[in-house]
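With the hints as your guide, set chain U onto chain G.
So the protein sequences, as listed, match chains G and U.
For reference, each letter of the first sequence is one residue, going 92 to 505 in the numbering used here.
For reference, each letter of the second sequence is one residue, going 92 to 505 in the numbering used here.
I should point out that these hints are in silico values taken from the structure, not numbers from a laboratory.
Possibly wrong hints are sitting among the right ones.
Identical copies go unnamed one by one, so any copy, or any two together, can satisfy a pair.
[Stated by the list, open to error] Derived DSSO-like pairs (lysine-lysine); straight-line CA-CA distance at most 27 Å:
id, residue 1, residue 2
1, Lys141, Lys330
2, Lys219, Lys430
3, Lys176, Lys329
4, Lys141, Lys376
5, Lys223, Lys188
6, Lys382, Lys329
Treat the numbers as computed from the prediction; the structure is a model and nothing was measured.
Number of protein chains: 2
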Amino acid sequence: MSEKTLVGSLIIGQSGGPSSVINCSAYGVIKTGLENENITTVYGAFHGIKGVLNDQLMIMDEEDPAELERMLYTPSSALGSCRYKIADPDVDDTDYKRILEIFKKYNVRYFFYNGGNDSMDTCNKISKYMNKVGYECRVMGVPKTIDNDLAGTDHCPGFASAAKYIATSFMEVSRDSQVYDTGMVTVVECMGRHAGWLTAAAACAGVKGDGPDLIYLPERDFSMDQFIADVKRVWNEKKNCLVAVSEGIHYADGTFVSEAKTSGTDGFGHAQLGGLAARLTDIIKNELGCKVRPIELSLLQRCAAHCASGTDIAESFMSGKVAVESAVAGITDKMVGFKCTRDENGYKCEPELFDLTLVANTEKKVPLEWINEAGNGVNQGFLDYCMPLIQGETGMVKEDGLPRFVKLKRIFAK
Amino acid sequence: MSEKTLVGSLIIGQSGGPSSVINCSAYGVIKTGLENENITTVYGAFHGIKGVLNDQLMIMDEEDPAELERMLYTPSSALGSCRYKIADPDVDDTDYKRILEIFKKYNVRYFFYNGGNDSMDTCNKISKYMNKVGYECRVMGVPKTIDNDLAGTDHCPGFASAAKYIATSFMEVSRDSQVYDTGMVTVVECMGRHAGWLTAAAACAGVKGDGPDLIYLPERDFSMDQFIADVKRVWNEKKNCLVAVSEGIHYADGTFVSEAKTSGTDGFGHAQLGGLAARLTDIIKNELGCKVRPIELSLLQRCAAHCASGTDIAESFMSGKVAVESAVAGITDKMVGFKCTRDENGYKCEPELFDLTLVANTEKKVPLEWINEAGNGVNQGFLDYCMPLIQGETGMVKEDGLPRFVKLKRIFAK
Numbered sequence: 092m093s094e095k096t097l098v099g100s101l102i103i104g105q106s107g108g109p110s111s112v113i114n115c116s117a118y119g120v121i122k123t124g125l126e127n128e129n130i131t132t133v134y135g136a137f138h139g140i141k142g143v144l145n146d147q148l149m150i151m152d153e154e155d156p157a158e159l160e161r162m163l164y165t166p167s168s169a170l171g172s173c174r175y176k177i178a179d180p181d182v183d184d185t186d187y188k189r190i191l192e193i194f195k196k197y198n199v200r201y202f203f204y205n206g207g208n209d210s211m212d213t214c215n216k217i218s219k220y221m222n223k224v225g226y227e228c229r230v231m232g233v234p235k236t237i238d239n240d241l242a243g244t245d246h247c248p249g250f251a252s253a254a255k256y257i258a259t260s261f262m263e264v265s266r267d268s269q270v271y272d273t274g275m276v277t278v279v280e281c282m283g284r285h286a287g288w289l290t291a292a293a294a295c296a297g298v299k300g301d302g303p304d305l306i307y308l309p310e311r312d313f314s315m316d317q318f319i320a321d322v323k324r325v326w327n328e329k330k331n332c333l334v335a336v337s338e339g340i341h342y343a344d345g346t347f348v349s350e351a352k353t354s355g356t357d358g359f360g361h362a363q364l365g366g367l368a369a370r371l372t373d374i375i376k377n378e379l380g381c382k383v384r385p386i387e388l389s390l391l392q393r394c395a396a397h398c399a400s401g402t403d404i405a406e407s408f409m410s411g412k413v414a415v416e417s418a419v420a421g422i423t424d425k426m427v428g429f430k431c432t433r434d435e436n437g438y439k440c441e442p443e444l445f446d447l448t449l450v451a452n453t454e455k456k457v458p459l460e461w462i463n464e465a466g467n468g469v470n471q472g473f474l475d476y477c478m479p480l481i482q483g484e485t486g487m488v489k490e491d492g493l494p495r496f497v498k499l500k501r502i503f504a505k
Numbered sequence: 092m093s094e095k096t097l098v099g100s101l102i103i104g105q106s107g108g109p110s111s112v113i114n115c116s117a118y119g120v121i122k123t124g125l126e127n128e129n130i131t132t133v134y135g136a137f138h139g140i141k142g143v144l145n146d147q148l149m150i151m152d153e154e155d156p157a158e159l160e161r162m163l164y165t166p167s168s169a170l171g172s173c174r175y176k177i178a179d180p181d182v183d184d185t186d187y188k189r190i191l192e193i194f195k196k197y198n199v200r201y202f203f204y205n206g207g208n209d210s211m212d213t214c215n216k217i218s219k220y221m222n223k224v225g226y227e228c229r230v231m232g233v234p235k236t237i238d239n240d241l242a243g244t245d246h247c248p249g250f251a252s253a254a255k256y257i258a259t260s261f262m263e264v265s266r267d268s269q270v271y272d273t274g275m276v277t278v279v280e281c282m283g284r285h286a287g288w289l290t291a292a293a294a295c296a297g298v299k300g301d302g303p304d305l306i307y308l309p310e311r312d313f314s315m316d317q318f319i320a321d322v323k324r325v326w327n328e329k330k331n332c333l334v335a336v337s338e339g340i341h342y343a344d345g346t347f348v349s350e351a352k353t354s355g356t357d358g359f360g361h362a363q364l365g366g367l368a369a370r371l372t373d374i375i376k377n378e379l380g381c382k383v384r385p386i387e388l389s390l391l392q393r394c395a396a397h398c399a400s401g402t403d404i405a406e407s408f409m410s411g412k413v414a415v416e417s418a419v420a421g422i423t424d425k426m427v428g429f430k431c432t433r434d435e436n437g438y439k440c441e442p443e444l445f446d447l448t449l450v451a452n453t454e455k456k457v458p459l460e461w462i463n464e465a466g467n468g469v470n471q472g473f474l475d476y477c478m479p480l481i482q483g484e485t486g487m488v489k490e491d492g493l494p495r496f497v498k499l500k501r502i503f504a505k
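So here's chain G without its partners, still in its complex pose (with noise of 0.2 Å):
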């Protein structure tokens, strides 16, 4: 850390894919910087490090401040996102060479970057770069993922808000799905490919009393005949079942079962029918002979600010805050995560800066201790985590009924 005050302009970027509420980060990142003396200057990199590459770089200290807290309350990637990895820069040092041209272009001496695992080894690669050819720039993670999978956080901003989304539908679904006499078999497949906290996060509807009946993640070996007789004891019982299940769910031989034209565990054949709720349904109503509906949530669970976590924006917010306002004591080289403490006095979320080395490129999954031992459901343990993160509604006020999102002026640097 270095005690030096560092005057100079920021870039703030986003990568990845998107959340409800990664421009929360981002806003507290740029309202922060824009309110700090030794900020000379706030952009925002158009789509990612490929705004800094190809020098599109938006003026912020340019938009309209009220137009701008809007970000606050607007989904997807307010700056453009990007998926481009860098390359190794022992490898391949072109990429870097072209943002410390920029970086000096612009006297940028605080860099952010707003996004995922690969987003963090992004931010750990070019603060390496930076520190071996002696250019002075403090760089800091901003964690986003709906996915709750990076390391080192109790959490992750973005994932709330997807875990309210899918726990207020899946209370809407429950009720709609047993509204006649006949009964059904809902699957509804979440996001996660490798973790599975978006579907658990299912469970939470539960605690209201309509939530689904069983619940499968990646974090345990899928097996269609176990599946098959949950789903009729569960049909025998009420006559109903809702499903939730993560599109990562695989075999025990690592074959995802979206993916697997015949199943290499149970023999099953059935020819795909587009995703993997539809692929379920269609083997359950072979068995059953019941009435079945496939849903799947698709980009509406990443993106649905109407229904954000007020706890998520609050929080998300002041990880971009913090991040700000650390690289100007000096830190870099840091994503800026939550330590959090559940307790009898209630939940607690305070700020913990994790070395970008440990962040990047490794994936937390859903404690197997949370998962029942049957595998289709969560327990307690994950409740107690969950539940605190979804509290708060969204600020957002409507225009015409609607939300009315940010838009930004996008006036470029010369």
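Relative to the frame of chain G, chain U by itself:
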């Protein structure tokens, strides 16, 4: 209209596919019935007319009033629904004799049926039968359908909330689908087999600058060639394209696009991949080679009570209330619809009574003059019609960050 005071009990039943606000109209009937001195008991039929036939009537007087009020914010049919098509009484009057028996058993003098076209038909048949056999019972239809396809009334309770959710979700998906500079073609499928009201509602998102580029309704024949050309044009202009399609779009020969194995009109022979959206994005991917994303709003659009329209909630309640008040005043065999004005003084909605004979089994479609010439969008006429309906927010108070839906005791009459 009989001026005679009629004292007796009341039955309210719900039928057909539910909506976010069908419980608001039922609550309007229940609350008004409970407060009216001519009405001795308010019964809720368990699963619609099936509950009458099976003598399964829930005593609403036994429910806690504060809990009942939660019906205003609870989606799906709280009393249970059914899809039971009652026979023509001239062909088979078994059901009618049974209904009469139950009506006599509980001295039912008021019957309210809450549903869509088929429910209005059921209402109408029961009303005519009771009249024929000389059993005095006032029968009223309380409309509901997200499809908005009931004749006579300006609009149907339930449509506006689904429309608000669809417009909101389109705004969010629009932002999300534009996040990368590589672009994407996103096709979102909305409900509506024969009428395109819900799909057209996506256009409301455009009022806030975040709407779909193309909209296809079943009111116009679909041409795959034209669709591909439309998407290509938009893609070439902005390297992104968001499309709203109704599940009911069909070729000129009447074949649903979702069902056509090989199109009868344009020779496309792609294998069907689950839903319509997946089929269309598959074709676009083959044609343009771009990234695509199919999204099906499925049940979410009809049960998203957390995003219900305040206007819809108030109007739905009012339709149930007016139904009871009208029946007590001597009116029978009518449906409570809406007569609305939209002018320089704003939007006004008044209840209007419609003959059940007129309403039953007629489908109201989106007027062709509200669809643009190219058949790929709607115009200001539709927006002027729809925007007032989606105004206002739900009064849902959340608990633990989530909805808390009504829990009925379900005490059955003996």
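Results of checking the hints against the structure:
Proximity of Lys141 to Lys330 under the C-alpha cut-off of 27 Å is restricted to the inter-copy arrangement: shortest distance 17 Å between copies versus 53 Å within a copy. Proximity of Lys219 to Lys430 under the C-alpha cut-off of 27 Å is restricted to the intra-copy arrangement: shortest distance 26 Å within a copy versus 69 Å between copies. In this assembly of identical chains, Lys176 and Lys329 lie within 27 Å of each other by CA distance solely across copies; the values are 25 Å between and 49 Å within a copy. Taking the shortest Cα distances, Lys141 and Lys376 sit within 27 Å of each other only across copies (25 Å), while inside one copy they are farther apart (47 Å).
Only within a single protomer do Lys223 and Lys188 lie at most 27 Å apart by alpha-carbon distance; the minimum there is 12 Å, versus 90 Å between protomers. Taking the shortest Cα distances, Lys382 and Lys329 sit within 27 Å of each other inside one copy (14 Å), while across copies they are farther apart (42 Å).
Violation of the numbered hints given earlier is absent; every hint is satisfied by the structure.
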